[in-house]
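Place chains G and Z on chain C using the hints.
Residue numbers (my numbering), protein chains in the order written: chain C, 10 to 302; chain G, 3 to 251; chain Z, 111 to 415.
In short, the hints are calculated from the structure, not lab data.
Here the structure is a predicted model, which means the values were calculated and not measured.
Where a beta carbon is used, it is the ideal one built from N, C-alpha and C, also for glycine.
Nothing false has been slipped in among the hints.
To give a feel for the contact side, a few chain C residues facing chain Z, derived at Cβ under 10 Å:
#1 Phe41
#2 Leu112
#3 Leu238
#4 Ala243
What follows is the residue order along each chain.
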Amino acid sequence: MHNPVAVARQTLAGISSGMLLFLISAGLSLIFGVLRILNFAHGALFMFGALIALSVAALIPDATTGFAAALAAAAAGVGVLGAAIETGLLRRIYRAPHEMQLLLTFALVFVLGDAAKLLWGRDEHSAAMPAALAGSAHAAGLSFPLYRLFLIAAGAAVAAGLWLMLHRTRWGMFVRAATMDREMLSALGVDTRTLFTTVFALGAALAGLGGALAAPIVAVGPGLHVQVLIDAFAVVVIGGLGSVPGAFLASLFVGLVNAFGVLAFPGLAVVLTFACMALVLIVRPRGLMGAAE
Amino acid sequence: MSAAILRVEALVKRFGGLTALDGVDLTVETGEFHAIIGPNGAGKSTFFNTLTGLLPPDSGRIAFAGRDITGEPPHHVARRGVARTFQITSVFGNLSTLENVQVALLAHARRSWSMWRRARGLRAERAQELLGLVGLAGSAEQPAGTLAHGDQKRLELAIALAGEPRLLLLDEPTAGMAAQERLESIRLVHRIAAGMGLSCVFTEHDMAVVFAVATRITVMHQGRVLAEGTPAEVRARPDVQQVYLGEPA
Amino acid sequence: MKPRHATPLAAAALLVALPSGLPDFWLFIAVQVLAFALYAVSFNVLLGYGGMLSFGHAAFFGTGGYTAALVLKQPGLAPALVLAGLLPAAMIVSGAAALVIGFFSVRRAGIYFAMLTFAFQMLLYTLALKATPLTGGDDGLTGLKPPGLIASPLAYYYFTLAVVGAGLYVLHRVVRSPFGYTLRALRANALRVQYLGVDVRAHRLAAFAVSGAFAGLAGAIFALSSGNVFPSWLDWTASATPVVMAVLGGTASFLGPALGAAVYVVLEVVISGRTEYWPLAMGVVIMALVLLMPAGLTGVWRKGG
Numbered sequence: 010m011h012n013p014v015a016v017a018r019q020t021l022a023g024i025s026s027g028m029l030l031f032l033i034s035a036g037l038s039l040i041f042g043v044l045r046i047l048n049f050a051h052g053a054l055f056m057f058g059a060l061i062a063l064s065v066a067a068l069i070p071d072a073t074t075g076f077a078a079a080l081a082a083a084a085a086g087v088g089v090l091g092a093a094i095e096t097g098l099l100r101r102i103y104r105a106p107h108e109m110q111l112l113l114t115f116a117l118v119f120v121l122g123d124a125a126k127l128l129w130g131r132d133e134h135s136a137a138m139p140a141a142l143a144g145s146a147h148a149a150g151l152s153f154p155l156y157r158l159f160l161i162a163a164g165a166a167v168a169a170g171l172w173l174m175l176h177r178t179r180w181g182m183f184v185r186a187a188t189m190d191r192e193m194l195s196a197l198g199v200d201t202r203t204l205f206t207t208v209f210a211l212g213a214a215l216a217g218l219g220g221a222l223a224a225p226i227v228a229v230g231p232g233l234h235v236q237v238l239i240d241a242f243a244v245v246v247i248g249g250l251g252s253v254p255g256a257f258l259a260s261l262f263v264g265l266v267n268a269f270g271v272l273a274f275p276g277l278a279v280v281l282t283f284a285c286m287a288l289v290l291i292v293r294p295r296g297l298m299g300a301a302e
Numbered sequence: 003m004s005a006a007i008l009r010v011e012a013l014v015k016r017f018g019g020l021t022a023l024d025g026v027d028l029t030v031e032t033g034e035f036h037a038i039i040g041p042n043g044a045g046k047s048t049f050f051n052t053l054t055g056l057l058p059p060d061s062g063r064i065a066f067a068g069r070d071i072t073g074e075p076p077h078h079v080a081r082r083g084v085a086r087t088f089q090i091t092s093v094f095g096n097l098s099t100l101e102n103v104q105v106a107l108l109a110h111a112r113r114s115w116s117m118w119r120r121a122r123g124l125r126a127e128r129a130q131e132l133l134g135l136v137g138l139a140g141s142a143e144q145p146a147g148t149l150a151h152g153d154q155k156r157l158e159l160a161i162a163l164a165g166e167p168r169l170l171l172l173d174e175p176t177a178g179m180a181a182q183e184r185l186e187s188i189r190l191v192h193r194i195a196a197g198m199g200l201s202c203v204f205t206e207h208d209m210a211v212v213f214a215v216a217t218r219i220t221v222m223h224q225g226r227v228l229a230e231g232t233p234a235e236v237r238a239r240p241d242v243q244q245v246y247l248g249e250p251a
Numbered sequence: 111m112k113p114r115h116a117t118p119l120a121a122a123a124l125l126v127a128l129p130s131g132l133p134d135f136w137l138f139i140a141v142q143v144l145a146f147a148l149y150a151v152s153f154n155v156l157l158g159y160g161g162m163l164s165f166g167h168a169a170f171f172g173t174g175g176y177t178a179a180l181v182l183k184q185p186g187l188a189p190a191l192v193l194a195g196l197l198p199a200a201m202i203v204s205g206a207a208a209l210v211i212g213f214f215s216v217r218r219a220g221i222y223f224a225m226l227t228f229a230f231q232m233l234l235y236t237l238a239l240k241a242t243p244l245t246g247g248d249d250g251l252t253g254l255k256p257p258g259l260i261a262s263p264l265a266y267y268y269f270t271l272a273v274v275g276a277g278l279y280v281l282h283r284v285v286r287s288p289f290g291y292t293l294r295a296l297r298a299n300a301l302r303v304q305y306l307g308v309d310v311r312a313h314r315l316a317a318f319a320v321s322g323a324f325a326g327l328a329g330a331i332f333a334l335s336s337g338n339v340f341p342s343w344l345d346w347t348a349s350a351t352p353v354v355m356a357v358l359g360g361t362a363s364f365l366g367p368a369l370g371a372a373v374y375v376v377l378e379v380v381i382s383g384r385t386e387y388w389p390l391a392m393g394v395v396i397m398a399l400v401l402l403m404p405a406g407l408t409g410v411w412r413k414g415g
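Excised from the complex, chain C in its bound form (with noise of 0.2 Å):
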């Protein structure tokens, strides 16, 4: 299987699911920094935004306005339901004991999840595909999902929207040294709560609008949440909690380790990605661009 045009395909799946992993982790990777906490609700919140994409789609006739309304409503939905989860919960266990905030998120897991079976029912969706981006696109012998190439547009687009909001904002400012040293910024007199909210709204939006687009071509359904997490886990670790560059370098990584461990060793590539994670925390804990201990 040393064929070209199959590793090319590999190599692109490898990066259009990448990407998808890149828009959840960036927010996770970016909750951690500021907030220093580890919210494993996140995948809870990317299958919330495949949720609302799936019915807001459902509610217009034109599958591509459909698709476009989709994506907003989803990073919206979700950013906003962000910010209601930490204003009104976290917010408060800021100070409390890492067991106390690991219970939290997890708390918020099986409410969320079984919300989420209460409001969509227990069956599995996919959201049917806006007719522009259906179908493969050819090149050099090989077929490739137009859609798996519109995910890496889409993740590239977004990497660099984030990348100028960082790099170019007061607010982008304030999120980078938070990072560094949280309690040098209120002592600076930045207004650390709205920029915590902030910073979990868009964590969230970020996963709302991955699982929009993951929408189409994964079954939405319980369980969707579970399976997520683990991986972005994997690239939040192995990128550097914090670092949203490392994220994005991590997510290709373990989205092409997926592609081609899916083919190497079948049953196995998941232990591919624990592996990887259990690696770097033993020899390099804070990963490929994490601020060092």
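Same frame as chain C, but now just chains G and Z:
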């Protein structure tokens, strides 16, 4: 003739671009009460950290009682007979005052691996003795976290003494105390150290404290040793005076 | 009798008298409570005493369960041998797993320690899921019956009571020992403990191994009682269970987590009997716990007097 209990040669420690210790030499004779002074950022805490193995030195040599201990981890250095207290009070707040000392005594006696015996009364007598020595005899049952700041410093001393050290390293032992308390505190340490034949190196900002008890002084500045000698010698040096111009007494 | 002994003794008496007239179902629940109590208390040795939050403790509970199941399914072993060897085997294997996992994990602290234990648990989960010839894969191992002598629910209940009682006694001695004191000091200030001449990493590893071994024992007991063991015992949501139980009961006392286990098991049984939205209910309970009652049930009780 007294032998050097501690000999540090050309100790260097860098953090990225910052050179915290730039070739520090220090010799401490047995029985000395040696003060290290210098402005903030002179490298005093880094020095203690590197000395005791918390940070690996980039180059240089550390010899304790004639033995090379360069780069040995803290728990080895402690076993060799070096005890240390910390600038930010480090007692075990969740244990009682007595238990704090007991833990130290048990660790010294290599009993920290014992998983079956009841620890409750073990070494209690000796622990109580040490508490009495530092003036905490009445506080045995109190949770260490609720002790007043000055008492916590005393407890730190008791914990350090539990290890039967030959060298005591005290990092800002009077930090956070009012002026009068500082003198009493350092005199207590001096009395105990003299009584037990301990050598002592301590860092300090308050010159009154330093000149009250120190037998020798090392002045550090920007990671280097600026001056070293008896209090009278150091006091007289113009370069030392310049560094300390405006420094609160 | 000292006042602080009164409650545990009363509880013990209750536990001995309990089975009279109880239907088998509730005996089964009682066994689950006991097993989970041991699980929670052993977990708390790490958390409440040692200050180490492990996200991957279900790995050892599951390993114990699988080991017990595999021993039981060995053809041709004399029942007496099985009976004698089952539980020690579970403890040894889980303890060994804990030594290996701990060796790598204790080199890090805080969140990195937690994530490492989590990653290892997920590795073991994958092993349980994929190593089908050994572990039955997705289907797990089923049809487990306790060996003849302790096969009846009543007999198994008393057997469990004895084993869990012994296990708790051993753990109690460990936390009251010099090792236990050192562990508590580690929780307060690990740096300072190094300066006492103590190899912190080694002590943390020992605590991890002991905790893991007893979690494995609990898993073995539960596997025999429920008759099966599944990969889901090791999946990532299972890692929250010991944490919930310990915090629910209160991590500041030795038996607090045992109380938490009892409440947790009973809640689960009662709620999942009435609704399929058991996770939702559990989630709400946990939120209430964290936001309103972080000291746990024993914490509230103590304050109340």
